[in-house]
Structures are given as C-alpha cells and as structure tokens.
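Chemist: For the protein sequence lines, the chains are A and B, in the order given.
For the first sequence, our numbering assigns the number 1 to the initial residue and increments by one for each residue that follows.
For the second sequence, our numbering assigns the number 1 to the initial residue and increments by one for each residue that follows.
Subject to a maximum C-alpha distance of 25 angstroms in a straight line, what follows is the list of computed SDA-like cross-link-like pairs (lysine to any residue):
(1) B:K110 / A:R66
(2) A:K81 / B:N205
(3) B:K164 / B:D195
(4) A:K81 / B:Q188
(5) B:K110 / B:G252
(6) B:K200 / A:F152
(7) B:K110 / A:V44
(8) B:K110 / A:A224
(9) A:K221 / B:K110
(10) B:K150 / A:M138
(11) B:K110 / A:P50
(12) B:K200 / A:L133
(13) B:K110 / A:P70
(14) B:K200 / A:T156
(15) B:K164 / A:E71
(16) A:K221 / B:S107
(17) B:K200 / A:L129
(18) B:K110 / A:D53
(19) B:K200 / A:T127
(20) B:K251 / A:A65
(21) B:K110 / A:H63
(22) B:K251 / A:E57
(23) A:K81 / B:R167
(24) B:K110 / A:L69
(25) B:K110 / A:F60
(26) B:K251 / A:N243
(27) B:K150 / A:G137
(28) B:K251 / A:G51
(29) A:K81 / A:R66
(30) B:K110 / A:G62
(31) B:K200 / A:L130
(32) B:K200 / A:L132
Since the hints were made in silico from the structure, they are not lab data.
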Amino acid sequence: MSDSSAWSPSPRELERRLLRRRLRLRSTLIAATALVVVFVGLAVLVVTSPGWDRVREAFFNGHHARASLPEIRDAFWLNVKMFMIAEPLILVLALSLAIARSARSPWLVPLRVAAVGYTDVIRGIPTILLILLLGFGMPGLRLQGVPNSPFFWATTALVISYSAYVAEVFRSGIESIHPSQLASAEALGLGRAQTMRFVVVPQAVRRVVPPLLNDFVSLQKDTALASTLGVFEAVFVARDYTNYNFNYTPYVVVALFFVALTIPLARFTDWLGRRYAERERAGAR
Amino acid sequence: MSLRGSVVTLPLLLPVLLGAAACAPSDESPTASDSSTGAASCAKADLPLREPGTLTIGTDSPAYDPWFSNNDPTNGKGYESAVAYAVADQLGFSRDEVTWVKVPFNSSYKPGPKDFDFDINQISITPARAQVVDFSDGYYAASQAVIALKGTPGAEATSLDDLKGLRLGAQTGTTSLTAIRDVIQPDQDPAVFEDTNAAKQALQNDQVDAILADLPTAFYISAVEIPNSTIVGQFQPETGQQEEFGMLFEKGSGLVPCVNDALATLRSDGTLDDLEKKWLSDVVDVPTLQ
Chain A
1 MSDSSAWSPS
11 PRELERRLLR
21 RRLRLRSTLI
31 AATALVVVFV
41 GLAVLVVTSP
51 GWDRVREAFF
61 NGHHARASLP
71 EIRDAFWLNV
81 KMFMIAEPLI
91 LVLALSLAIA
101 RSARSPWLVP
111 LRVAAVGYTD
121 VIRGIPTILL
131 ILLLGFGMPG
141 LRLQGVPNSP
151 FFWATTALVI
161 SYSAYVAEVF
171 RSGIESIHPS
181 QLASAEALGL
191 GRAQTMRFVV
201 VPQAVRRVVP
211 PLLNDFVSLQ
221 KDTALASTLG
231 VFEAVFVARD
241 YTNYNFNYTP
251 YVVVALFFVA
261 LTIPLARFTD
271 WLGRRYAERE
281 RAGAR
Chain B
1 MSLRGSVVTL
11 PLLLPVLLGA
21 AACAPSDESP
31 TASDSSTGAA
41 SCAKADLPLR
51 EPGTLTIGTD
61 SPAYDPWFSN
71 NDPTNGKGYE
81 SAVAYAVADQ
91 LGFSRDEVTW
101 VKVPFNSSYK
111 PGPKDFDFDI
121 NQISITPARA
131 QVVDFSDGYY
141 AASQAVIALK
151 GTPGAEATSL
161 DDLKGLRLGA
171 QTGTTSLTAI
181 RDVIQPDQDP
191 AVFEDTNAAK
201 QALQNDQVDA
211 ILADLPTAFY
221 ISAVEIPNST
231 IVGQFQPETG
241 QQEEFGMLFE
251 KGSGLVPCVN
261 DALATLRSDG
271 TLDDLEKKWL
281 SDVVDVPTLQ
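So here's chain A without its partners, still in its complex pose (with noise of 0.2 angstroms):
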C-alpha cells in the first residue's frame, strides 16, 4: 500500500483521456471557426455594402458624437432621476395590486375586483398613450394642487402602466409557492395574514427577482416616452440635435448610454438568479 504500488492509470484510462482532449480541441476549434466567421462576415457584408459610407456618416461620425455627447449626458440624468423615483412606488404599488388580488376574505371582494380591473385595463393601454392621456389631460383639467409638470405626469404614468405589469408578476410568484407551505404555516397556527407576510411574500419575491429586473431594464428604457409630452430627456436631446443637423449619430450615442446601463443590471441579475437557486437547493447539486 505504501511504496510500490502509488496508483497509475491505465492504458485504457490514457486512451479515454487522450481522446477526450482531442475532442475538447476539436469542438473549441470549430467554435472559434464559427465565431470569425460569424461575426467577420457579417462586419465584412456591413462595410462592403454600397451605402456602407453614407450609412458610416450618417450613424458613426465622430464630430457630431463628440459634439451631442455633453447634452445628451446632462439630459441622461433625467431618465436616470426619472426611473429612480418610479421603481420603488411601482414595486410598493404592484407588491400591494398582487396581495390584494390574492386575497380571500368575502370583505375584501371590492379590493379584488378593483385590482383585477386594474391590471386588466392598465396593461391594455399603450404606455405611450397613457402618457398622452395624463400629460396633457391632467393638467388641461385645471384642478387646484394638481402638478403640471410633464416631467411629473410622464413619471406617474410610467408607475401606473408598469405596476399593472410587475402586479402580475408578483402573483405569479406567489402563486408559485407550493400549498405545502400554506399547510405548514397553518399548522405552526400562523393566520392568513401572518402566512402571507412571513412565508409566501418572502418566497415569492425572491423567485421573482430576475423578472423584475427584466420590468426594470425595460421601465429605463420607456423613460424616453416622457419625451411626447415635451419632457427634455436622452432620447430627445438626441433628436433634437439630428433635426438641426440631419446626423443620426446621436442616436447611436444615447444608445450607448442606455446598453451602459443595462449591461451591467443583467449580469447582476443572472448573478442573484444563481445565487438564489443555489441557496434553495441547499448545496444539491
């Protein structure tokens, strides 16, 4: 056991080895082929076009980028404050939509119906149009208290329209937890409310991380609808500069800025996906 016989092993475990390398090598050499060819192609195609230098003018002229580049940041902070301000009322208004919808008690039907034709109705209209509806209609109406800020107006739209939507993905993810839970909870004597606040809500938000996150990528982006009621944001900053100067880059600059932005929450989100799923597997693999 001690000296002679340190474990070798065998010729047939070499081969096994041997081939599985050549395989690894093989399938990263394909991969690689696929990838230059790929992405070399389609760059080639793109440049090689005939309208490759109009388009290369229109789209990626470096005077116009470094010339819209300041406003369009300044301007950015606006979407920026704008998505700051409507996450947090939309997750509370939506967490409340979603508990309210699950609600069993024959007193609180008013509460269900009210929020079933919330989410039902919300969620049939356009953003876009909701915008327009409350931009322009609210402060039209002349009610004393009432703000007339377009930037004010778009922000509340923006809440309304995507808690209908974040409402629905709240009560999926209640829906999710198994009524075992629900069981154990009534057995330990936990009351209805006492199970939602301490076991369902918990469970459920916690599963429905990476969808909201998904909402919230797509809530930065539809700040830029705020721009149909006049609010100066990124995007219309940047189509303000192309009007005067019939140059698209600024499009592709403000662009930038939103992809800057979103890169890094989705990667945070796949990470806190992972994450969660280990600790609910509880090291199993």
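With chain A's structure known, arrange chain B on it following the hints.
Modeler: Relative to the frame of chain A, chain B by itself:
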C-alpha cells in the same frame, strides 16, 4: 456525428443567408446614384424622378395650416401646396401627375434613396443641413412670432428682454427653437416639443408661458386654433443671414436646378408674391419685438 455536423453548419450558413438577403436591395442603389449625375435638360422627359411621368412630393402629416389646408396637400390650398403645384406646373406636370407622400420630418434626411422627388415642409435652409441634403432656393422667409394666452404674463411682453424670465417653448428642429436658444436666451431652458400640436397643448395647460412659431403658423394658431391666444410680437432672428424655407432633395439630385429655375420664374412673374398674399397675407400689424 451527422447530427453534430448539421448543428455546426447552421451558424456557418447564417452569414451566407444574411448575405443573400442583404444583397438583394443593394442592386437598387446604383440607379439612385445614377440620377445624381444631373439631368441634361429640364424637359419633363429628362427629369430624374422616382416614378417616371409623376412628380412625387413629400410633406409631413399632419400638414399644418396655413401651409396646407385641411391636412390635405392634394387640394392645392395653403401656401406650400399652392407653391408645389405651381412648381409642378412650371416643370410641365398636370395636377394629376403629382403624387404626395407622407414624410415625417425626421425621416426626410435619412441616408440612402428618398421616397420623394422633393419634400416641402417648412424646412429652414442651414449650412449644417445642406451638407446632408440639397435644398432649392428659398421660397419663403419667415420671421418668428411669440404666442401667449390673453391676460397672462406672456401677453404683456413688449421686448425680447421681457421674454427672458418666462417659460418658453417651441417645436424641435425649428428656427423658432434656435431663436429662443440663441436670440432670447431665457433664464430657464426652453420646453421642446415633438410637434406644434404638443406645443399648443402645453400653452393651454399653462405648462409654458409662450410658444414660438414662424409668423404665418402663429397667426393661424391665434386666429383659429386657440381663440383666447394672441401674437405678442414678431422678430427676425439675426443669426447670420436671413433663414429661408427651401424644398429638400436627396443629396446630388439633378432636379434641384430645374426646380430653382421654376422658382425663379414664379418669383419674377409675381406668382410667389400672389400666393403669399393669398395664403399668408393676413399677417399684418404684428408689433416687432426688439
């Protein structure tokens, strides 16, 4: 093994398929650039047109009064519609040989071939724009007007300085907005709107104190569309030379000299003045803001 092979070839085929799809439209573009070599003469048959035998003219929708009438460019009513038909007539096109297409302003300058022979849509000629598209000679020189609701602070203004402290707004891409930014330079950044309708709505909602537009548009707004509004005054934005409205063409279009000839004829025989008087003449007695 064979299954694996087919999976591998799928991404490899992708650029080939895309290539086939992308190459199809590219055959068209040489014909478009052929037209840029210029027409030999301005005879109707020699004109480089999108559709042979028809003059295709673009404008935005809605087409605003008094430049058009009833949002219908084909009726020949309104200044720009009338000018377009007069130019068409000079080039030898009868009224039913003119086709109108809807061209949103911000797609009028997209790269590549245009959907129209020319676009007439109150577009100001500027050097930056002229690098990307071609313009005809100017067919109208607009001064800027300030519109406010009667009895509001905006209506009290008697000079450009009086406007500084107000919330001003105008449509994106217009000389009006440039005039606010460069000439008035208000304390508060101007509100920018996607179109004139949004600007009018904001004025009525007290979201801005005054809006700017070119004088004929302003007159129509105050006289017809918002009866309790008034034109506070007009001014000529003095940023270099006088800005004029021109027709917009694809860069290098051979049609430009012919349209310019037509406009020159219409100007010298008084037609342009007549049309201006007919459709835009109500604009008198508006105080000038200094």
